[in-house]
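**Student:** Go ahead and model the full structure; you've got the sequences and the hints to work with.
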Amino acid sequence: MKVKLPIRTTTILFLNINFGFVLFILAVLTIVITANIWFFTLCIFIIWNAIVCHPHIWFVDSIDLKQDIKNKTNEFEILRQDKGDFEYFNDGFTYTTTGPEISTKTILWKNIQSIDVVRHDLGIFDEIQLYILCSNTIIHITENTQGYYFFLDQLHQNFPEIDEIWQISIIADDSGQPFNILKKGNGH
766 MKVKLPIRTT TILFLNINFG FVLFILAVLT IVITANIWFF TLCIFIIWNA
816 IVCHPHIWFV DSIDLKQDIK NKTNEFEILR QDKGDFEYFN DGFTYTTTGP
866 EISTKTILWK NIQSIDVVRH DLGIFDEIQL YILCSNTIIH ITENTQGYYF
916 FLDQLHQNFP EIDEIWQISI IADDSGQPFN ILKKGNGH
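Position one of the sequence shown corresponds to residue 766 (the numbering used here), numbered consecutively onward.
As a list, the in silico SDA-like pairs of lysine to any residue whose alpha-carbon atoms are at most 25 Å apart:
1) Lys875 - Thr861
2) Lys875 - Pro925
3) Lys835 - Gln932
4) Lys848 - Leu898
If you anchor each label on the Cβ, the simulated ranges turn out as follows:
5) Ile930 - Gln846: 18 to 26 Å
6) Asp833 - Ile811: 21 to 29 Å
7) Trp813 - Asp847: 43 to 51 Å
8) Asp847 - Thr869: 14 to 22 Å
9) Trp813 - Tyr853: 50 to 58 Å
10) Gln878 - Asn839: 33 to 41 Å
11) Phe854 - Ile834: 32 to 40 Å
Quick caveat, the hints were computed from the structure, so don't treat them as lab data.
For every residue, glycine included, the Cβ atom is placed at its ideal position computed from N, Cα and C.
**Tutor:** Okay, here's the thing in structure tokens:
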């Protein structure tokens with residue numbers, strides 16, 4: 766059984782060519798529409814960033830970076846003025862250690878024979894450790910020791926011959942070896 770369609774063969778070929786052309790036009794329009802969507806998205810991104818980053822536009826939960834920096838500076842100054850585990854007098858200092866045993870050591874500046882510094886790698890961050898050799902004891906002080914920054918200021922006041930940039934030198938050194946910043950016979 767044959768089915769006879771009421772359409773001529775030339776019409777089918779014509780539709781086939783036209784259908785291909787229509788698909789081609791739709792493909793081109795898809796590219797144009799997609800490009801317009803990308804362009805529209807880019808414009809929204811640029812406008813949004815201009816609004817968010819504009820210095821005169823603040824949101825309810827915005828952070829004032831200048832104030833945040835000022836607060837951090839004030840926090841560090843407070844930390845720097847904290848005497849922590851140390852008590853100072855004219856000729857030296859008293860250091861109270863905590864841990865398994867609580868002990869107090871009195872050190873005279875003139876009894877300090879050597880100061881070695883080591884940068885200790887703790888994985889996520891590094892820690893500077895001071896080993897102070899005195900005539901009768903060794904003191905171990907780290908950046909986590911209460912009063913560390915005030916102690917460094919006192920150290921530089923009492924031993925002006927200690928190079929101020931030793932901290933940069935120890936940070937730049939990757940060997941993990943001790944770095945001597947003071948030896949017996951230097952000054953006091």
